[in-house]
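> Residue numbers (my numbering), protein chains in the order written: chain V, 1 to 283; chain P, 1 to 430; chain C, 1 to 310.
Note that these hints are calculated values from the structure, not bench results. Heads up, a few of these hints could be off.
What the hints assert, rightly or not - Between beta-carbon pairs, the in silico distance windows are: (1) P:Ser411 with C:Leu164: 38 to 44 angstroms; (2) V:Ala89 with C:Gly28: 35 to 41 angstroms; (3) V:Glu138 with P:Lys235: 34 to 40 angstroms; (4) V:His140 with P:Asp115: 43 to 49 angstroms; (5) C:Leu120 with V:Ser7: 24 to 30 angstroms; (6) V:Glu138 with C:Leu162: 21 to 27 angstroms; (7) C:Gly73 with P:Gln425: 53 to 59 angstroms; (8) P:Gly409 with C:Phe71: 52 to 58 angstroms; (9) C:Leu305 with V:Arg268: 43 to 49 angstroms; (10) P:Gly288 with V:Arg16: 47 to 53 angstroms; (11) C:Phe71 with P:Lys226: 32 to 38 angstroms; (12) P:Gln425 with V:Arg268: 57 to 63 angstroms.
What the hints assert, rightly or not - Lysine to aspartate or glutamate pairs mimicking EDC-like chemistry, simulated, CA-CA at most 20 angstroms apart: (13) V:Lys12 with C:Glu209; (14) P:Lys348 with P:Asp107; (15) P:Lys422 with C:Glu209; (16) P:Lys226 with P:Glu306; (17) P:Lys187 with P:Asp115; (18) P:Lys48 with P:Asp68; (19) P:Lys248 with C:Asp85; (20) P:Lys235 with P:Asp246; (21) P:Lys229 with P:Asp53; (22) P:Lys127 with P:Asp107; (23) V:Lys12 with C:Glu221; (24) P:Lys48 with V:Glu172; (25) P:Lys348 with P:Asp115; (26) V:Lys12 with C:Glu166; (27) P:Lys130 with P:Asp107; (28) V:Lys12 with C:Glu206; (29) P:Lys348 with V:Glu70; (30) P:Lys48 with P:Glu59; (31) P:Lys334 with P:Asp107; (32) P:Lys334 with P:Glu59; (33) P:Lys109 with P:Asp145; (34) P:Lys127 with P:Asp115; (35) V:Lys125 with C:Glu166; (36) V:Lys137 with P:Asp53; (37) P:Lys229 with P:Asp68; (38) P:Lys373 with P:Glu306; (39) P:Lys348 with P:Asp145.
Each residue gets a CB set at the ideal place from its N, CA and C atoms; glycine is no exception.
Chain by chain, the residues:
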Amino acid sequence: MTNRAGSALWRKRSRRFRSGLLALLVGVVFAFPFYWVVVTSLNSSNSVFQFPPNFLPGGVVGNYGHAWHEASWVRYFLNTVLIAGSTVALVLVTSLLAGFALGVMRFRGREIAFFLILSILMIPKVVLLIPDYIVLKELHWLDTYWAQIIPWGASVFGIFLLRQFFGALPPELIEAAELDGASQLQFLRTIAAPLARPALITIGLYIFIGSWNSFLWPFIMTSSPSVQPIEVGLSTFFGTNGTDWPGLSAAVVFTTLPIMIVFMLSQRRLVAGASATTGAMKG
Amino acid sequence: MSRHRRFIAIAAVFAAVATPLAASAATAGHRANVTISFMEAMSSGTQKPTLDDLTQNFEQTHPGITIDLIAEPNYGILQQKEQASIAAGNPPTMGQAYENWAAGYADAKAIIPLDNYVNSKTVGVPKTFKSNIWTGVWNDLFLPDGKIWMWPFNKSDYVLFYNANMLKAAGISVPTTWAQYAAAEKKLTTGGNWGESLDTGTLSAPANGTLEYLSIVKAFGGTWIKNGKPTLDTKAAVQALQFLADLKGQGALQVGTNYPEQTALGAGRSAFAVSSIAGYPYMLAAVGGKFSMQVAPLPAGPNGGEGNAMAGTNIVIFSQANAAQRAAAWQFMKYLSSPHATAYWAIKTGYLPVTKSALVYMKSYIATHPYQKIAAQALQYAGGNPPYAWWTQAEGYVAEAMQAVLDNGASPASALATAQQKAMQAASGS
Amino acid sequence: MSLDSTLTARALGISRSRARSRAGIRNGRLAFLYLSPALLVFLVFTIGPALFVLYISFFNWNLLNPSLSRFVGGGNYAALLHSSDFWNSIVTSVYFVGATVGGSTVLGLGIALLLSQRGLVRRIVRLAVLTPYFTPLVATSIVWVWIFNPQFGLIDSVLKLLHLPEVGWLQSTTWAMPALIVYTLWHDLGFTVIIFLAGLATVSGELREAARVDGASYWHEVRDVVLPQLMNTTLFVIVITTIDSLQAFTQIYTMTGGGPLSATTTTGFLLYQQSFVFYKTGFGAAIAVVLFVVIALFTLAQLRLSRRAA
Numbered sequence: 001m002t003n004r005a006g007s008a009l010w011r012k013r014s015r016r017f018r019s020g021l022l023a024l025l026v027g028v029v030f031a032f033p034f035y036w037v038v039v040t041s042l043n044s045s046n047s048v049f050q051f052p053p054n055f056l057p058g059g060v061v062g063n064y065g066h067a068w069h070e071a072s073w074v075r076y077f078l079n080t081v082l083i084a085g086s087t088v089a090l091v092l093v094t095s096l097l098a099g100f101a102l103g104v105m106r107f108r109g110r111e112i113a114f115f116l117i118l119s120i121l122m123i124p125k126v127v128l129l130i131p132d133y134i135v136l137k138e139l140h141w142l143d144t145y146w147a148q149i150i151p152w153g154a155s156v157f158g159i160f161l162l163r164q165f166f167g168a169l170p171p172e173l174i175e176a177a178e179l180d181g182a183s184q185l186q187f188l189r190t191i192a193a194p195l196a197r198p199a200l201i202t203i204g205l206y207i208f209i210g211s212w213n214s215f216l217w218p219f220i221m222t223s224s225p226s227v228q229p230i231e232v233g234l235s236t237f238f239g240t241n242g243t244d245w246p247g248l249s250a251a252v253v254f255t256t257l258p259i260m261i262v263f264m265l266s267q268r269r270l271v272a273g274a275s276a277t278t279g280a281m282k283g
Numbered sequence: 001m002s003r004h005r006r007f008i009a010i011a012a013v014f015a016a017v018a019t020p021l022a023a024s025a026a027t028a029g030h031r032a033n034v035t036i037s038f039m040e041a042m043s044s045g046t047q048k049p050t051l052d053d054l055t056q057n058f059e060q061t062h063p064g065i066t067i068d069l070i071a072e073p074n075y076g077i078l079q080q081k082e083q084a085s086i087a088a089g090n091p092p093t094m095g096q097a098y099e100n101w102a103a104g105y106a107d108a109k110a111i112i113p114l115d116n117y118v119n120s121k122t123v124g125v126p127k128t129f130k131s132n133i134w135t136g137v138w139n140d141l142f143l144p145d146g147k148i149w150m151w152p153f154n155k156s157d158y159v160l161f162y163n164a165n166m167l168k169a170a171g172i173s174v175p176t177t178w179a180q181y182a183a184a185e186k187k188l189t190t191g192g193n194w195g196e197s198l199d200t201g202t203l204s205a206p207a208n209g210t211l212e213y214l215s216i217v218k219a220f221g222g223t224w225i226k227n228g229k230p231t232l233d234t235k236a237a238v239q240a241l242q243f244l245a246d247l248k249g250q251g252a253l254q255v256g257t258n259y260p261e262q263t264a265l266g267a268g269r270s271a272f273a274v275s276s277i278a279g280y281p282y283m284l285a286a287v288g289g290k291f292s293m294q295v296a297p298l299p300a301g302p303n304g305g306e307g308n309a310m311a312g313t314n315i316v317i318f319s320q321a322n323a324a325q326r327a328a329a330w331q332f333m334k335y336l337s338s339p340h341a342t343a344y345w346a347i348k349t350g351y352l353p354v355t356k357s358a359l360v361y362m363k364s365y366i367a368t369h370p371y372q373k374i375a376a377q378a379l380q381y382a383g384g385n386p387p388y389a390w391w392t393q394a395e396g397y398v399a400e401a402m403q404a405v406l407d408n409g410a411s412p413a414s415a416l417a418t419a420q421q422k423a424m425q426a427a428s429g430s
Numbered sequence: 001m002s003l004d005s006t007l008t009a010r011a012l013g014i015s016r017s018r019a020r021s022r023a024g025i026r027n028g029r030l031a032f033l034y035l036s037p038a039l040l041v042f043l044v045f046t047i048g049p050a051l052f053v054l055y056i057s058f059f060n061w062n063l064l065n066p067s068l069s070r071f072v073g074g075g076n077y078a079a080l081l082h083s084s085d086f087w088n089s090i091v092t093s094v095y096f097v098g099a100t101v102g103g104s105t106v107l108g109l110g111i112a113l114l115l116s117q118r119g120l121v122r123r124i125v126r127l128a129v130l131t132p133y134f135t136p137l138v139a140t141s142i143v144w145v146w147i148f149n150p151q152f153g154l155i156d157s158v159l160k161l162l163h164l165p166e167v168g169w170l171q172s173t174t175w176a177m178p179a180l181i182v183y184t185l186w187h188d189l190g191f192t193v194i195i196f197l198a199g200l201a202t203v204s205g206e207l208r209e210a211a212r213v214d215g216a217s218y219w220h221e222v223r224d225v226v227l228p229q230l231m232n233t234t235l236f237v238i239v240i241t242t243i244d245s246l247q248a249f250t251q252i253y254t255m256t257g258g259g260p261l262s263a264t265t266t267t268g269f270l271l272y273q274q275s276f277v278f279y280k281t282g283f284g285a286a287i288a289v290v291l292f293v294v295i296a297l298f299t300l301a302q303l304r305l306s307r308r309a310a
């Protein structure tokens, strides 16, 4: 009896140990390329080209100074945060309103409206670049923050998610609010939106990263460093005649670090947010 | 020590730039204020500060003209942005452009010919200019209609970088013909080392390797185009591709992406690298003083045939600009090609001076950087992109044929026949 | 999901009134007002430009000077249907999208299962898995070009240690696509893992415990208890990774340029190449239109299927 229990415990322990080991392996696989970026950022240019590769960081801190002076990073960074932050805020507002209409309200053409919005996802974005450039020019928004925020201010993904979420709200909740005499906007603001906070966090993350990663758009739509995001700074390291590996690596490190720290601080909330969202994924 | 000397050389050139231009500004007289914009891709390394310097110097010596530099990160994005701005009806005043871009712009009447400025008695270039400019660079300014549509700016061409230590150890002298080159590569392919790495490029983005091959085609007596049509499958072209395929088969040539020639040479694994001279600073950084890196002209073909590809762009003026802007843009273009300015640009960035007369101002620099003269002299015969909009596609098909042969083991003749057929289709397409 | 308990309680105590509900919060009178901010953005920056693209797909369009454009009717479409490049790109897209969607679903779930327990190691590993998602695509895809380098790269160094032959990953028509997929998974899996972790948090622990007491093996437990409860999460992951991988562009642009030959030219990339590199604006527009129709049909089918399944 004790023997069997002991062996069960042993089995459980060893399974836990094995899965822990596997988790660690996964972590190493994912972290290694980033680790290598750090190593490269601390080595001299020519030691990058070694065989066998150099897996230990050197002490060439100077790459950071050099990379830092190459571009006005603080400006770019603040621009990125401003652009991505405003885009997220705008997306949340437009998605809440549209998601509410599609998920809660009853009106003719609801299904059609939803499918039309879904179909926007299927338009290949690349071809819109030049028409959008023309539109932005007509609006006199070229080379402004607006050009980087407003066109991305509505998200099919966000609307889709919130429609699902609101559609799954218990009817009783809505009826109770009606009895309290709440208007639609009041209901959305005081009850539905707070309940949807987890979904909003997921949407926020997704949109923020999308905005953070945009590459072609800022280059085509803007020209002045005063409104440009961080990618513009990064691109100075892979010019037309070669790549400055240590410089690029150092820049990747210090541009990724802030967002990593933010994530570390909010990891738990993020997972919680995502969990509530997917719970609402009912067909 | 050498850094100190270089600084003095630069200072001397700068002083030389400033004086005569200050004088010319005085004679230019006062005009109404005009602002022009220049869309360019000189945004990395020393290129940006140098262009800033030159612009500032120009503005000081030409009161009334203000220049907005619009810097793009690379040529791909520059091209897209120029297209977008033309399509939207608000192009810049001037922009960097390759010959084949300019052909497309001219077809759409988006740029203006420059003959009236170039030949003007008052604002044109001096009579000596034509004998001063490298022949290859001059020929590169025309479109097939015989008019001048472009003005030279950041020119470079291809050279042979080599690891002098490796060559010395193997008792090999610097190859002057492609045959010697192949023999040397073969001999140096031992003990885990090889001859050279190259990037074939892709259909949408040709690379240094594409231009290395095209240079060999010329050296072998071939052509890229003839009578306005592509000639990608000539006998010389097939021979040139077979030449590279043989090196690949012997393990002397490796294929890679993202400047593999710099990586391999820098690591001391390959003895040679064919690259644009503008890659010199990157090459030097990759080597990092581990050995002596030297530069030689590209080898010649079997009958002494010279072949080299000119890289870098010209400047065009967009047709939306008004008369005052056009005139100011021309002044700026002329200034950038003036001996002092082009010398300063070359010394700071590693691009080449567009005229022979600029070499006078670069004497002390060339003494320490002899490769600059080697590369500049090759501008005499280097060929730029053929000035047809379809060349973009044709060059892509060349890259594709190289991939078919070097990556996939296809036969050069059949790969090039395919490329030629597709290129002909593109050429007759629109 | 946790609801405001007092509200719910009150709601339950009250008789339902359909008529009221129609007159109240569910009233759709103002629906289009609520939709309008999003619709306005879509109209101006997506739908309008898309209609313009549809229009120019019937022309031999001169982007730089529209007055030189020539009407060609269905010419671009006819050319498209006869273009082997186009059909190849469709196959390539299916390969890329299928592998990234399949990969991120299966691996995402697997990794999430591994990381769902508590503990410092797993917290750190979570961070490691998510970090790539925060790195800029342009910069890290260039870093991976380096990792895939046949002579100096990380992967081939390992192969060499194991005395396996070198592979020119990005130079091989066979391996370039897998390499691209590996990078894409590396960069994007973090998001999928987060979503699955979240889904796992809602899986009933009691049911899992019960299965374990019944002596079910780990795999049976996952298959019979966990997976059925994760259907919604999985559907969500599939939708979002499909969207992302259909629009994938940056990594193809920096890592392979669509090559070697056309091994990694997805339809999205072909579109870019024809429109922006080769100036074939009308032809590119036709590709965009056909791509749109294909995806729309595909999505409709997917919706039908998932509805029938549910």
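> Next step is simple, just say for each hint if it's right about the structure.
Quick rundown of the hints versus the structure:
1. P:Ser411 with C:Leu164: 38 to 44 angstroms: At 29 angstroms between Cβs, range violated.
2. V:Ala89 with C:Gly28: 35 to 41 angstroms: violated (27 angstroms)
3. V:Glu138 with P:Lys235: 34 to 40 angstroms: violated (54 angstroms)
4. V:His140 with P:Asp115: 43 to 49 angstroms: Distance hint for V:His140, P:Asp115 is violated at roughly 36 angstroms.
5. C:Leu120 with V:Ser7: 24 to 30 angstroms: Check passed, 28 angstroms falls within 24 to 30 angstroms.
6. V:Glu138 with C:Leu162: 21 to 27 angstroms: violated (60 angstroms)
7. C:Gly73 with P:Gln425: 53 to 59 angstroms: violated (20 angstroms)
8. P:Gly409 with C:Phe71: 52 to 58 angstroms: For C:Phe71 against P:Gly409, whose Cβ atoms are near 45 angstroms apart, the range 52 to 58 angstroms is violated.
9. C:Leu305 with V:Arg268: 43 to 49 angstroms: At roughly 36 angstroms between Cβ atoms, V:Arg268 and C:Leu305 fall outside 43 to 49 angstroms, so the hint is violated.
10. P:Gly288 with V:Arg16: 47 to 53 angstroms: At 48 angstroms between Cβs, range holds.
11. C:Phe71 with P:Lys226: 32 to 38 angstroms: holds (34 angstroms)
12. P:Gln425 with V:Arg268: 57 to 63 angstroms: holds (59 angstroms)
13. V:Lys12 with C:Glu209: Distance ~13 angstroms between V:Lys12 and C:Glu209 Cα, so the pair holds.
14. P:Lys348 with P:Asp107: violated (35 angstroms)
15. P:Lys422 with C:Glu209: It is violated: about 65 angstroms lies between the C-alpha atoms, which goes past 20 angstroms.
16. P:Lys226 with P:Glu306: With a Cα-Cα distance of about 18 angstroms, the restraint between P:Lys226 and P:Glu306 holds, given a limit of 20 angstroms.
17. P:Lys187 with P:Asp115: violated (52 angstroms)
18. P:Lys48 with P:Asp68: Given pair P:Lys48, P:Asp68 holds - Cα atoms ~13 angstroms apart, limit 20 angstroms.
19. P:Lys248 with C:Asp85: violated (28 angstroms)
20. P:Lys235 with P:Asp246: Given pair P:Lys235, P:Asp246 holds - Cα atoms ~16 angstroms apart, limit 20 angstroms.
21. P:Lys229 with P:Asp53: violated (42 angstroms)
22. P:Lys127 with P:Asp107: Status violated; Cα separation ~30 angstroms.
23. V:Lys12 with C:Glu221: Holds, because 15 angstroms separates the two Cα atoms, which is no more than 20 angstroms.
24. P:Lys48 with V:Glu172: Judged against 20 angstroms, a Cα distance of about 65 angstroms means the pair is violated.
25. P:Lys348 with P:Asp115: Violated, at roughly 30 angstroms.
26. V:Lys12 with C:Glu166: violated (41 angstroms)
27. P:Lys130 with P:Asp107: violated (27 angstroms)
28. V:Lys12 with C:Glu206: holds (18 angstroms)
29. P:Lys348 with V:Glu70: Holds: P:Lys348 and V:Glu70 sit about 17 angstroms apart, inside 20 angstroms.
30. P:Lys48 with P:Glu59: holds (16 angstroms)
31. P:Lys334 with P:Asp107: Roughly 24 angstroms between the alpha carbons, so the hint for P:Lys334 and P:Asp107 is violated.
32. P:Lys334 with P:Glu59: With Cα atoms ~13 angstroms apart, P:Lys334 and P:Glu59 stay inside 20 angstroms; holds.
33. P:Lys109 with P:Asp145: holds (13 angstroms)
34. P:Lys127 with P:Asp115: holds (14 angstroms)
35. V:Lys125 with C:Glu166: Measuring from Cα to Cα gives roughly 37 angstroms; hence the hint is violated.
36. V:Lys137 with P:Asp53: Distance ~31 angstroms between V:Lys137 and P:Asp53 Cα, so the pair is violated.
37. P:Lys229 with P:Asp68: Violated - the C-alpha atoms of P:Asp68 and P:Lys229 are around 39 angstroms apart, more than 20 angstroms.
38. P:Lys373 with P:Glu306: Given pair P:Lys373, P:Glu306 holds - Cα atoms ~17 angstroms apart, limit 20 angstroms.
39. P:Lys348 with P:Asp145: Violated, because 35 angstroms separates the two Cα atoms, which is more than 20 angstroms.
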